[in-house]
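These protein sequence lines map, in sequence, to chains G and Z.
The first sequence begins at 1 in the numbering used here and counts up one residue at a time.
The second sequence begins at 1 in the numbering used here and counts up one residue at a time.
I should point out that these hints are in silico values taken from the structure, not numbers from a laboratory.
Misleading hints may appear alongside valid ones.
[Unchecked claim] On the chain G side, residues computed to face chain Z include the following (Cβ under 10 Å):
{"no.": "1", "residue": "6"}
{"no.": "2", "residue": "8"}
{"no.": "3", "residue": "50"}
{"no.": "4", "residue": "52"}
{"no.": "5", "residue": "98"}
{"no.": "6", "residue": "99"}
{"no.": "7", "residue": "101"}
{"no.": "8", "residue": "106"}
{"no.": "9", "residue": "107"}
Predicted model only: the values in this text are computed from it and were never measured.
We put the beta carbon where it would ideally sit given N, CA and C, even for glycine.
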Amino acid sequence: AQKVTQAQTEISVVEKEDVTLDCVYETRDTTYYLFWYKQPPSGELVFLIRRNSFDEQNEISGRYSWNFQKSTSSFNFTITASQVVDSAVYFCALSEATGGFKTIFGAGTRLFVKA
Amino acid sequence: EAGVAQSPRYKIIEKRQSVAFWCNPISGHATLYWYQQILGQGPKLLIQFQNNGVVDDSQLPKDRFSAERLKGVDSTLKIQPAKLEDSAVYLCASSLGYTQYFGPGTRLTVL
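So that you can see chain Z by itself, here it is in the shape it has in the complex:
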């Protein structure tokens, strides 16, 4: 069974630029999550989707971050405009029950 796929794996941008990350969950997993992991910290939930509806986006900085999950499968997370403090690894996870399975992450560096 294929795992969670994410792209790109690495991205370097300058502040105020925009960037988008893509995630393809494990087939059949209804729930999809985006996390932000700053160096030296644990992952922090940004947004959770159930199929194509948002369950929790309370920690998503909505003035600059947006996410969508069209058709309840793939998802895209966008940052516009990026700030220096957005430098982090962005992890996507999916689940069918209570256990989340993670992708390899996208390492974002904002200069």
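Chain G with its partners taken away, still in its complex shape:
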């Protein structure tokens, strides 16, 4: 059965600090997708990144970077030099090929960035 665990419920940092949000997943499939979404106070989930199970390359996009490690079933998200606008709830999600790529979300990590 698929499962996504975001063990960090809340994280608080001071602006310009780096912060890493952890995501651990469980799946028996060899074909799956992993996602990160951002949910600002407005409520809309904003897509950040998608990774498929065959691509373990890390990715960097501006101040955001993602580390995908199949050996530890983790897909961690790092924000470098955090800003107040990064304050939001961040969700990690998993879609498996089995079951038609139904998406399961983690419980989310609430990030507070203080000025």
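Using the hints, position chain Z against chain G.
Then chain Z, alone, in the frame of chain G:
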């Protein structure tokens, strides 16, 4: 390109009343999803449509929830009768491939 539209944004009703939410997906997106997000939790899939057919409704409480997607575009989610535990944000999403794009959600409060 316009995003996923939802209405209303907020709704307050009393228990046992009925309520309906509307969603208009991104143009051309064949797949449409309804999620329920209870405060402090991640979204939970209620129903998934592919065009106007249901792909997955295994977590939809069918005794009180119903959804339709006529003509494979807009969709409506209805709750009748509402219970206190239905208080949540109802999110609509659409996709063309594997990535889902979400609307702003409807915040439902059941008193």
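Results for each hint:
1. 6: OK, holds: residue 6(G) within 10 Å of chain Z, min 8 Å.
2. 8: violated, 14 Å
3. 50: holds, 5 Å
4. 52: Where the cut-off is 10 Å and the nearest Cβ of chain Z is about 8 Å from residue 52(G), the hint holds.
5. 98: Since the shortest Cβ distance to chain Z is 12 Å, the answer is violated.
6. 99: Nearest chain Z Cβ about 8 Å off; hint holds.
7. 101: holds, 6 Å
8. 106: holds, 5 Å
9. 107: holds, 5 Å
Violated hints, listed in ascending order, are 2, 5; each of the other numbered hints is respected by the structure.
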